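The primary structure of each chain is shown beneath.
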Amino acid sequence: MKNVSEMLNKLSNLDFKNMYNKDFLLTWEKTHDELEAVLTVAEILKSLRMNNISTRIFDSGLAISQFRDNSTRTRFSFASAANLLGLTVADLDEGKSQIAHGETVRETANMVSFMAEVIGIRDDMFIGKGNAYMREVSKAVQQGYEDGVLEQRPTIVNLQCDIDHPTQSMADLLHLINYFGGIENLRGKKIAMTWAYSPSYGKPLSVPQGIIGLMTRMGMEVVLAHPEGYGLMPEVVEIARENAKQSGGKFSIANSMQEAFENADVVYPKSWAPFWAMEMRTQLYDKGDFDGIKNLEKELLAENAKYKDWECNKDMMKLTKNGNALYMHCLPADITGVSCKAGEVSAEVFEKYRVELYKEAGYKPYIIAAMIFLSKVENPIKTIEKIINNGKPRFLK
Amino acid sequence: MKNVSEMLNKLSNLDFKNMYNKDFLLTWEKTHDELEAVLTVAEILKSLRMNNISTRIFDSGLAISQFRDNSTRTRFSFASAANLLGLTVADLDEGKSQIAHGETVRETANMVSFMAEVIGIRDDMFIGKGNAYMREVSKAVQQGYEDGVLEQRPTIVNLQCDIDHPTQSMADLLHLINYFGGIENLRGKKIAMTWAYSPSYGKPLSVPQGIIGLMTRMGMEVVLAHPEGYGLMPEVVEIARENAKQSGGKFSIANSMQEAFENADVVYPKSWAPFWAMEMRTQLYDKGDFDGIKNLEKELLAENAKYKDWECNKDMMKLTKNGNALYMHCLPADITGVSCKAGEVSAEVFEKYRVELYKEAGYKPYIIAAMIFLSKVENPIKTIEKIINNGKPRFLK
Amino acid sequence: MKNVSEMLNKLSNLDFKNMYNKDFLLTWEKTHDELEAVLTVAEILKSLRMNNISTRIFDSGLAISQFRDNSTRTRFSFASAANLLGLTVADLDEGKSQIAHGETVRETANMVSFMAEVIGIRDDMFIGKGNAYMREVSKAVQQGYEDGVLEQRPTIVNLQCDIDHPTQSMADLLHLINYFGGIENLRGKKIAMTWAYSPSYGKPLSVPQGIIGLMTRMGMEVVLAHPEGYGLMPEVVEIARENAKQSGGKFSIANSMQEAFENADVVYPKSWAPFWAMEMRTQLYDKGDFDGIKNLEKELLAENAKYKDWECNKDMMKLTKNGNALYMHCLPADITGVSCKAGEVSAEVFEKYRVELYKEAGYKPYIIAAMIFLSKVENPIKTIEKIINNGKPRFLK
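Residue numbers (the UniProt record's numbering), protein chains in the order written: chain A, 1 to 397; chain B, 1 to 397; chain C, 1 to 397.
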């Protein structure tokens, strides 16, 4: 497998030793080398699987998944990644469990982790809560490991929080790398991360924040566009600005989809709720003020409705580089005339890019597997070589 | 293992190459050789397991299960089959997932299938919907595979739809083969697939339809019996009639349980709702007319109540060949005095055949495993020989 | 692995051949040797895992879990144990399944067990029901096995019933053995199993009953303490008394926490509902008298409130041996000022023992695995030696 040895070669030139026994919570907490290591290991795992070589490094072990919000894609991506490495998913469902009954996070985190290698968490509903919860769990299992309670230190993988959605943005990045033929080719490319109209309300900020936080690391020209009042978390915008400086890329904010699409190589039109609204909703939930939530929802839907022209359609696409930019979305998209009357994207544009969108999503299981692999395995290169030498078939054909 | 080599020998004389990468949706879409291949591989897998040889051909891979109706038996049979081959079940639960939220079938089918080898679906509630849904999923993953979205093409296995229940009817057939000592001994045997009284309402048509659609392939004399108005789907009845012609068997419709039981070798008394009623119910659901549904239910229960004498009891059984026909049921049965006041079968008859009924159900995991095996493995005989030569124990005793 | 060979040596001096193909329902149905075998195999499995040797003795097979009451710890302990041995958990959820719809226990038990090696059951809500249900399931699969319906005989493991909580008490015992440096050192040690105040109501009796039923086997001085009217099942108290006689230990009942704590080496303060109340609640549920249940709850909470001084705090602990007894709990505990206003234990005492409490819980997965191992494997010593000789890594580092 020629390309695998090339990728191992590449891996050997990257410094990622600090990923060992560490979590993956925010892309901007990782070095550029560490991000490249994830991308490279993801490609290696994909290539090994396609060559029917089993990458099952665990003969036993659990992968805990905790979804505090609905999920199909990420749930199955996590299940696929765990399975690819030999881990068995155990769902921590607060319905089934006793967490609801006043049990502390620390205790539960340890109680479920005696044989857990990884804990994947989605907690994206409330500002200031999701990522904080993940860190609380991380601290709990780290302490449990140090205290000799846990025989291994489970890795926390962020499956979407209030701040970032690293498994999504990294999958998106790997898609871009393959689409443009190499990470080096992303330098200078313009990506438009723009708000788009949706009849639904309260969509998380983590995807747009994840995209501007990550793509600015790659020397890209990142334009964030949204109607006035639909701003993201200020800290994350600051991080994007700083990243662009560091990487020699660009970061700017526009107030129209047109401006953002202008000559863009990549467009990522997606709906989200204003940061201030997500914050207010969080406070209303804390107070249990459900009338307040209803009113906020009405207000936001009315506000959204003012911006129905923020739709990614054929005319918009004409503005992009050669009218031929790559259209991206984390899915599911609100498709005009398909999943709703008026939405984020026209059926025509969506159809044109459907296969690419599916491929984009297809990287996620490998990205998650790579995140787990790099955190659990002390010497990834040596272990990958062992896997190749063992040459155990994934599927006894 | 003498009998395994005999069965491999038999397999080598069957033509089943077209099963590779194909779904299993209706038994009458399969050739006689293909059905025999499923039966033979099921027996081989059973024999290997009983000889403590692991048939785990997958070192990783997912088996997606989607149950749009309750299930215990089939759920566990599918889980057992997947596990026997080394696949891990991932449940596509529309409660947990986002499907409910307007996501297209095509997209979801691909999103969950990046590492899926098989998708087992139960969708039996609504006429014209279940089997159609399975074909929609099949088309979606076939296209995803051709577009390079999916690295493998997941097999769709029909775990009960509105038309057929192939994993049930094939397990029933394997039971008959073992009971009568060979598939050739089924020729000319009379099987009575008769309606029976049940206090419950709206039971699917897929079991009786599956039985008349399959057993008529085996040269059996199949008698379908039901009260007037309780007819099955006309197309399926037509298929049964045609099958009987082809196979040199017989197919007829009787209007009394007595007539059907007369000199029967096998009886399969089971309740079902009239086809017209299932169709009407589907339309009422489409319209959201829940009063209409309530009224229909009342009407049907009243209609059912006219036929309480359609019970499989000792006197009925006396009419069968030497009063000793084999009693079959897909379970759970409505047992008079046990699970209901008056039902499909008397406690006495059920008790006499209980062990046989349990064995009948016990073939289902192997049938499902065989369906998966024959669709995934390009050269089943060679792979089975590899399994035997590896001789890996299922259980390290 | 020196200590493993020592433990194998110990194992070879124990008589546990009767555990083969037997259930684990009550500790007092097992001989002292059998209990020691479980403890020893648990330690061996733990040691092998820590030495990165895979103990996956099953290449395929299901572990059915049925939780008729909420559970986090035990659910994950069972999942961990099954996974450690190579079994895949399949959840028998009466919500999902058809059991609710009048299907007999016998039938369901067989239908889910065609490839099941173990069935773990929690059924602790109703007096006279839980353990009885487990025996019914056991009888069903035993008969299925004898009738040739099942190819293997699934082991029933009691994951908490109305009478005992053997996986908890055995994990507690293993914790004591490690804490005091050997089972022989438990002889003569005083353990106080005392009631403690909790604002919640209707906690099962199985933990205190399990503790007095097991620790009296070890030659310990067991003191059961509770307010008047909070007695346990008389039969179990009788068993404890008898055990103490047999083992040369002591068993007594005190009416104050102080008296029980006096000079104790170990304290186990935990809330439970009075036996008479649990019995009455069971009858009320049988009658469907929900007002009666509400009234009983009120009454019990009021009764509980009289005993808020039954709290394990610093002053209470001062009464114990050198003010330094080991504090135990099955978790989650009602911690004063943390999970409730006033509870079973002060935050200060809980904090001091938190790590020990977590370690106590950490033995449960190994205890469950050992119970399964000793029931499934005909010659455990030989199999463990095979595992060591194979030396297959659990984790390919």
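One thing to keep in mind: the hints can contain errors.
Since the list can't tell identical chains apart, any single copy or any two copies may satisfy a pair.
[Said to hold, decoys possible] Calculated lysine-lysine pairs in the DSBU-like style (CA-CA distance at most 35 angstroms, straight line):
1) Lys382 / Lys22
2) Lys318 / Lys352
3) Lys129 / Lys318
4) Lys250 / Lys382
5) Lys250 / Lys308
6) Lys203 / Lys287
7) Lys298 / Lys287
8) Lys392 / Lys382
9) Lys287 / Lys321
10) Lys10 / Lys308
11) Lys245 / Lys308
12) Lys203 / Lys139
13) Lys341 / Lys397
14) Lys306 / Lys250
15) Lys22 / Lys352
16) Lys139 / Lys287
It is worth saying that the hints were derived from the structure and are not from the lab.
From a predicted model like this one, the values you see are computed outputs, not experimental measurements.
request  = If the cutoff is 35 angstroms on CA atoms, where do Lys203 and Lys139 land: within, between, both or neither? Let me know, please.
outcome  = The answer is both: 29 angstroms in one copy and 31 angstroms across copies each meet 35 angstroms.
Check: From the Cα coordinates, with 35 angstroms as the cut-off, is the pair Lys129 and Lys318 best called within, between, both, or neither?
Finding: Intra 40 angstroms, inter 40 angstroms, cutoff 35 angstroms: neither.
Query - Up to 35 angstroms CA-CA - Lys397 versus Lys341, copy category - result: neither (47 angstroms within a copy, 53 angstroms between copies)
35 angstroms Cα threshold - placement of Lys287 relative to Lys139:
So Lys139 and Lys287 pass the 35 angstroms test inside one copy only (28 angstroms; across, 48 angstroms).
Quick one: Lys306 to Lys250, C-alpha cut-off 35 angstroms, is that within a copy, between copies, both, or neither? within (29 angstroms within a copy, 69 angstroms between copies)
Go through the copies and call it for Lys318 and Lys352: within, between, both or neither, with a Cα cutoff of 35 angstroms.
For Lys318 and Lys352, the Cα distance is within 35 angstroms only inside one copy (14 angstroms; across copies 67 angstroms).
Is it within, between, both or neither when you check Lys250 against Lys308 at 35 angstroms Cα-Cα?
Result: close within a single copy only, 28 angstroms intra versus 65 angstroms inter.
task: At 35 angstroms max between alpha carbons, let me know whether Lys203 reaches Lys287 within a copy, between copies, both or neither.
output: Answer is both; intra-copy 21 angstroms and inter-copy 31 angstroms each pass.
message: My question is about Lys22 and Lys352: at a cut-off of 35 angstroms on alpha-carbon distance, are they close within one copy, between copies, both, or neither?
response: Only across copies: Lys22 and Lys352 sit 28 angstroms apart there, 40 angstroms inside one copy, limit 35 angstroms.
State whether the alpha carbon distance between Lys392 and Lys382 is at most 35 angstroms within one copy, between copies, both, or neither. both (16 angstroms within a copy, 18 angstroms between copies)
Taking 35 angstroms as the upper bound on the Cα-Cα distance, should Lys10 and Lys308 be classified as within, between, both, or neither? neither (46 angstroms within a copy, 66 angstroms between copies)
Check your understanding: Is it within, between, both, or neither for Lys245 and Lys308, if the alpha carbons may be no more than 35 angstroms apart?
Key -> within (34 angstroms within a copy, 62 angstroms between copies)
Hint violations for this structure: numbers 3, 4, 9, 10 and 13, all remaining hints satisfied.
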